[in-house]
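Student: As you go down the protein sequences, you meet chains A and B in turn.
Read left to right, the first sequence gives residues 1 to 805 (the numbering used here).
Read left to right, the second sequence gives residues 1001 to 1240 (the numbering used here).
Where hints are given, some of them may not hold.
[To be verified] Below, in silico cross-link-like pairs of lysine-lysine (DSS-like), each with a Cα-Cα straight-line distance of 30 Å or less:
no.: 1; chain 1: A; residue 1: K102; chain 2: B; residue 2: K1182
no.: 2; chain 1: A; residue 1: K158; chain 2: B; residue 2: K1053
no.: 3; chain 1: A; residue 1: K416; chain 2: A; residue 2: K21
[What the hints assert, rightly or not] Taking beta-carbon pairs under 8 Å as the criterion, some of the chain B residues facing chain A (in silico):
no.: 4; residue: Q1067
no.: 5; residue: R1069
no.: 6; residue: Q1205
no.: 7; residue: S1208
Just so you know, the hints here were simulated from the structure itself, not pulled from any lab data.
For glycine and all other residues, C-beta sits at the position ideal for the given N, C-alpha and C.
What follows is each chain in one-letter form.
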Amino acid sequence: MSAKSPLAVFSVLATLSPSKKLLVWLALVFFTLTLGFLQWQSGAKIQTDILAMLPKVSEQPLEQRAIAQVEQQLANRLYIGVISADKNQAVSAASALMQQLKSNSSAVFTGISSADISQAEALNDFYFPYRFNLLTDKQQQQLTQNQWPQLTQASLQKLYSAFGYANSALISHDPLLLYPDNLLALAPKQALSVENAVLVTRLPSNDAKATPRYVAIVMAKGLQSVFSPNAQQSQLSALNTAQRAVSAEFAAVDFIHAGALFHAAAATDNAKKEVSSIGLISLIGVIALVWFAFRSIMPLMIAVITLSCSLLFAVVLTLVVFGELHLLTLVFGTSLIGIAIDYCFHFYCERLNHPQQDANRTSLAILPAISLALVTSIIAYGSLGLAPFPGMQQVAIFCAAGLIGAYLTLVFAYPKLAGATLNDGRHLLELADTYQGFMLKRAMPSSRLSRVILLLSTVAFIGVGLSQLKSNDDIRQLQHTPAAIQQQEDTLRTVLSGGTDNQFLLVSGQTEEQVKQALERLEPILETAQQQQLLGNHFSLSKFLPSEKTQARNYQLQQQIYQQHLVEILDHLGIEDSIKQPLADEFTAAKNRYIHVEDFLQSAAGQQLSSMWLMPQQDSGYASIVLLGGIKQLDTLSALFSDNPNVDLVDKVGDISKVMGHYRQLTLALLVIALITAVSIFTFRFGVKLASIVVSVPAFAAILTLSTLGLMHAPLTLFHALALILVFGIGIDYSLFFAEANQKTRGVMMAVLMSAISTLLAFGLLAFSQTPAISAFGLTLLIGISFTFLLSPFIQIFTRKPSQC
Amino acid sequence: MTFTGSESRSCQFILICILLIGNAVSFSAHSETSFDALFAQTASSSELTQLSKQLAPSSQAKGVFTQYRHLKVLKKPLISKGIFVFSKQLGVIWQQQSPFNSTLILQAGRLTQIDSQGQVHISDVQQSTTANQLSQLMPTLLNALLSGDLHTLEQHFQLSLQSASNAQWQLGLTPIDPLVKKAIPRLVLMGEQQIQTLILFSDNQDRSRIEFSAINEMPLTDQDKARFSPTEEDSSREAR
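With these hints in hand, go ahead and build the complete structure from the sequences.
Tutor: The following block contains the structure:
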């Protein structure tokens, strides 16, 4: 269409016979079906990851790697709490659950564990040889003050206790028992105890008098992404099977869960429900509308064919472009039903209005208006696609492709298929006529006074509304979490001493030692922040990887034990003399043998933590991640590191939210540009005056919509802005149809009435979605389309004037 | 949820390392062999019922203990003496009086230590990082032992029993919890009407023998009860 002038194309279409057109259409449909089938065969899938909808933020390479590593580490983890009034039963049931999961779900889950004893052993194995380089802060202080006699006395006291940990093996290598405290310092602070290798604790309860209940923790990691619906299904069913087996054995246990799996599953579930409920209601509504308007089977069949073809094009083209279909696209896409049907309505209204014309003539008659409408709608959807959201781009492609499908059906299939004569539809035409007459004559105030009042109240409405308008770009509103899931998660979070937030610190340096020292300097700052309640918890490699400087100092401090006073110490403790020489030799041999990052990360102990460290790549140096949890005041916290060149607070959520805000503003600017562009395009056809009036209807509707949102105290988001673009895209059709029709507006009014009802059916229903983003989108369209519909008949005042005057 | 960040800390691991240190260095591990015969005899439930009848259960007791710690690398055993107070409701006080003062108060979920300088150190087991298994187990164990509660013992140990004709019995205990088992693979309890001796074995030929005497099962005095909640001054006075 773009190469030749539109008129040339139209004339070619006019010469084709209806049968030939049908053949073209059938060929197109067949081609699309084949394409779709091939896509399906090559593994096209449905995507439910809400993150896939998010814009890509351009981070520095090092930060990108860090984000990827953190996500990799945290992804697909899930936590199960086994609750019972009896502690032993909770522990036994948790063991049974782990057994079940290990034996039956090894294809689904990995890393099924509770208390990780092997990790504790691995840490001990790794650090014991380096014990001469390790000291706790308190030990450092004591040795700096030469307090070796006090340490010896304390060690002796521990030796006397039968219930303590001092034994021959340990004291022959660590007579002052300094090492155990260093190993303990590596353990995260947790309010959990361990029984039979199971983590267990009392369930926190607000009611102090309630009988205590216990929760035992089981952890697992899904092998596949929890955002793949198939993986969701298999993981949930494996979990349910295991839980049922455990419940059969231990009747009185309950389960609570936390993890992305449950959120993703709830989102999938929710989206599926909404696609089916919103889609179904919208479909039924549209069919009822067609039946009410035309009272015959044929238009109904044609409507179904149009919608099917539209959906076929939408799905196949989206799959061709993206290789996958996002579930949210489908939810948004249900609104396609309401738009694609417009072409059908327009065609039939035209036929009702001119019953003497055949289907081919009718389709040609409305072709200019329909083509212009298609182009503007595609422009509107195209600008949705400019937003850097893969998800929104999909919605754009999906809807544009669907409209093209409906358009092609009208142009090529209607002439042959939709030729059956219609039942008398005059009653509806008359209804539309009456409505329009009412709007133009009665709704328009006649007296000057009432006009002034109307004008003033409109200005007041807009003024107050716009002044109330606030914005909110937090991406967390994209996700709706059912309260039950959130509550379980909060409980487990409390039990596991807080979780990890999305923000983390990235500590970088040119050398390994620089990073280690920076981590050590960071530690007291974070401790203070925790005391000031800015932060709940943090997790750093600092304790695992002391700097060489610190290690050397600790070694030097321990010289007073192993090189200066060993005889006295061993004598005081009553240790065999044969121990002395090997111990002194061990100490000498350990000189300058430092804990190196690479050794640690490759050890059994360090593997789990390897995602916290970044080796240099190309330009970037070394870096380490410090995880943060329970952040209370992000701004105050980030200010602590603002003048530290080695430390960056990486906040992907915040960055994405910023991008969202940026694009919200950009989208509103785009709307203005689109309005101006539309005026200049339409000027060629209608002249400046009418073109401005045609465009002013959706423009005015947009302003009124924004004011209404302001009065409703709905914070403006990118999704509202994107919806406004669509309001423009759809709304401009209405005024276009009126403008094209000049005086003969009976059919147009009816078409616009029906199209507005169907669009409201489709988008208005989206306003009831549980997902805030979709709801915002739907609400904006609901308000925007209503205003456009109410305003569009007034165009007639201007188009009629020439003939009336 | 991934991006509101409820993922719990990725590096979940629990260190009950204290107990594992014994494994770090491998001494040739041999338990005392003399009790092998005992541990070969799994206790039947009728035998245990018999024993629990024999142990006249009491909900409180106090007495004197003498402890012999035989550590392989020490030139001579560490011998200590002291008193203990036990109450089923309150817990256990383990007060060493020679060669120096130190007190251990074991209560449900709480461990109080008073060292020879009289410094009080209280650790809440629920919130302690140490999760010291032994200190958690000991109140339960001593409670069960002193009150003759074999049912509780059975939950934590595999029991084996050897009774001689003269009412003398030996009870072998093998911990069920793998971590506890690593620290103390075997325990032996000996007694007649009352418990007389407790032996704790570790994997590296260390063992502790605790002998109980002068056991008094009369109700505790208010003074005894008050000692379960010590203040700093009390304990420093005690230390002096």
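Student: Decide, hint by hint, whether the structure agrees.
Tutor: Cross-check of the supplied hints:
Between K102(A) and K1182(B), the direct Cα distance comes to roughly 24 Å. Compliance with the 30 Å bound is thereby established for this hinted pair. Using a Cα cut-off of 30 Å, the hinted pair K158(A) and K1053(B) is violated, with the two alpha carbons roughly 37 Å apart. Of the supplied pair hints, the one linking K416(A) and K21(A) holds, its CA atoms being roughly 8 Å apart against a limit of 30 Å. Against a cut-off of 8 Å between C-beta atoms, the interface hint on Q1067(B) holds, since the closest Cβ of chain A lies about 6 Å away.
Because the beta carbon of R1069(B) sits about 6 Å from the nearest beta carbon in chain A, less than 8 Å, this interface hint is met. For the restraint placing Q1205(B) at the interface with chain A, the shortest Cβ-Cβ distance is roughly 7 Å, inside the 8 Å limit, so the hint holds. The criterion of a C-beta within 8 Å of any C-beta in chain A is met by S1208(B), whose closest approach is roughly 4 Å, and the hint holds.
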